[in-house]
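Residue strings, one per chain:
There are 2 protein chains.
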Amino acid sequence: MASITASYPWTTTPLIAGAPMRLISGPSLAHAISAAGGIGFLAAGTDVSTLSENLSAFKSLLSASPIPGTSSDVLPVGVGFILWGADLKLSVQALSELQEPPAAVWLFAPSSSEELASWASGIRSATKNKSKIWVQVSCVADAIEAATVAEPDVFVIQGADAGGHGRYSSAGLISLVPELIDTVLSYNANRGNASSPKFIAAGGIADERGVNAILALGADGAALGTRFLAAEEAVIRKGYQDAVLKAIDGGNSTIRTDVYDKLRGTTGWPKDYGGRGVINLSYADAVSGVPFEENEKLYKLAEESGDQGWEAGSARMTTYAGTAVGLVKKVAKAGDIVKELRGEITVKRI
Amino acid sequence: MASITASYPWTTTPLIAGAPMRLISGPSLAHAISAAGGIGFLAAGTDVSTLSENLSAFKSLLSASPIPGTSSDVLPVGVGFILWGADLKLSVQALSELQEPPAAVWLFAPSSSEELASWASGIRSATKNKSKIWVQVSCVADAIEAATVAEPDVFVIQGADAGGHGRYSSAGLISLVPELIDTVLSYNANRGNASSPKFIAAGGIADERGVNAILALGADGAALGTRFLAAEEAVIRKGYQDAVLKAIDGGNSTIRTDVYDKLRGTTGWPKDYGGRGVINLSYADAVSGVPFEENEKLYKLAEESGDQGWEAGSARMTTYAGTAVGLVKKVAKAGDIVKELRGEITVKRI
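Same order as they appear, the protein sequences are chains A and B. Going by our numbering, the first sequence opens with residue 1, and the numbers climb by one from there. Going by our numbering, the second sequence opens with residue 1, and the numbers climb by one from there.
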């Protein structure tokens, strides 16, 4: 079976993807990841109004710093959509206007399987099947639903350790990756489907050891979010980035919750999704029974204070990050992070 | 640095340990695992009154079926204690009477760091330092506490995916193993401690892929519980074992909760520990607000019905299992399971 890198000819094994983190994964980060032989994703998120602009910015970066191995069919980048919130019609229109569509489109959090099906067929048709369809799933049941209605080219297997939004009910990659792969392959074989989907693991990976582990589990590559929060090219407040560098022991120091969605006024996530982030005073106050209005007022004050809103001891601002946050210890160029993840740059650990 | 198997001379690389599952891990299971080149653990649990009897039974099995490579200093087996509930004095007494103490003692869930320290020194003294001290930890903070007060020979790193009891706040092995190892090694180096602890990963591992993954993460070996629930030698009700074989998609189908402790009348677990088990009517009723007395009555009726208490659709009985439960598909001899985990027996997957 062909390696996953054959579909993205500028990439190097093992495949490293930069997750489309809403508001954070912009053209510079995506370009730097792809330029290092990974695949960067632009976050379209829920608001697709900036999609064309971001793709243009990516193309400008590409003209200035071409990426060897790029084909003329597709742009060496992906785009991520949050399906319950993004406008399918506008997205399809933006993509169909492109001579070179993105090499991959990453679909996440549909509000129904019909919605997932519409997106997969809409994107395939808009891009004349040039964009590979990646579908993010966080349990075996999700994967079988996706296999049925969308026949993904790539399943992004999101484990419970992932930062940001994901299902409350999920398993870690250690058990999820092998069971999900076995079940999808067996399901496809049983219904005579000869497609050969690929599997990318995400959630809790932050260094070369995590990448090697998910390869041992049977995945074809790794996607990372938290590690790229500490990339020089990430669109991120310094306070947030510093809080990520300081956090340790992610099983204790992070939690999956809807507290931050509520405080930020982000409504619309399906009820079985929460965002994993670093525990701070906002969360502590919410669980200790501080009335919402009071907690929200304090949140807005923290927001107005800028980077101080993340200051240790008094932090209240949302700090989405996965349990691997304790492995993220320094800011680096995204390209060097990709090379570290592939083991091409040795990292001193103790 | 010497391989971990050097300390347990009858074992084979990669080291496979059978977790000391309370009531389930008896002499036959432990002997079968050790005889296959792993290390079996007897569950002393919280009630140590049967410890001497179980060790005698193990010795009888060993006389009947000797294990090559066994030294004359120690028995080729471990014993696991649940510290908040087990009696230290009785345990130390039982161990000090043995000419050949167990090769390892696995300490779990102390109610304080003083308690952990007393157990570690008590066991070392009772066994003249012959029994290696294994300490189970489920976050980085636990590990540093253990390094400080008990200097474990082996850290058993328990990830969030583990079945049975563990901390509610925990991360999956994918991020926990590398951060915990880095932190402990660096902590020991900084205080001039020249000991070379080993690291065993547990939680979510059920086949060769999981074992290879935790080795890639830096662990020295794997401990498994859920997989051995489907060993022929496990002391387990058929209803329970069948429920394990049937369960799939562990991130969805299992949950860490104190519902089953309450229904079984198991009191004493520190409040930050819950047991991960398969979700059934007992749990569904508890969260949907059925009064405890009513739920308890239904539980006792289920208990009286024997294996029917686990029947799909009407199951109410406790079914502790980890998220890897979906990878457990058949009952096998424990020795063959050990060989499968080491990759010596190839398993057909789809």
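Read the hints as simulated data drawn from the structure, not as lab findings. As the structure is a computational prediction, the values presented were derived from the model and not from experiment. Hints are supplied without guarantee of correctness; some may be wrong.
[To be verified] Facing chain B, a subset of chain A residues (Cβ under 7 angstroms, in silico):
no.	residue
1	35
2	64
3	67
4	139
5	161
6	178
7	218
[As the list claims (entries may be wrong)] Where chain A lies over chain B, by a calculated footprint (3+ residues, C-beta under 8 angstroms):
no.	segment
8	115-129
9	180-193
10	206-216
C-beta: ideal position from N, C-alpha, C; glycine also.
We went through each hint and held it up to the structure:
1. 35: violated (27 angstroms)
2. 64: violated (36 angstroms)
3. 67: violated (29 angstroms)
4. 139: With a closest approach of 5 angstroms, the residue 139 of chain A hint holds.
5. 161: holds (5 angstroms)
6. 178: Holds. Min distance 5 angstroms.
7. 218: holds (6 angstroms)
8. 115-129: Per the Cβ count (0), the hint is violated.
9. 180-193: Satisfied; 5 residues make the cut.
10. 206-216: holds (count 9)
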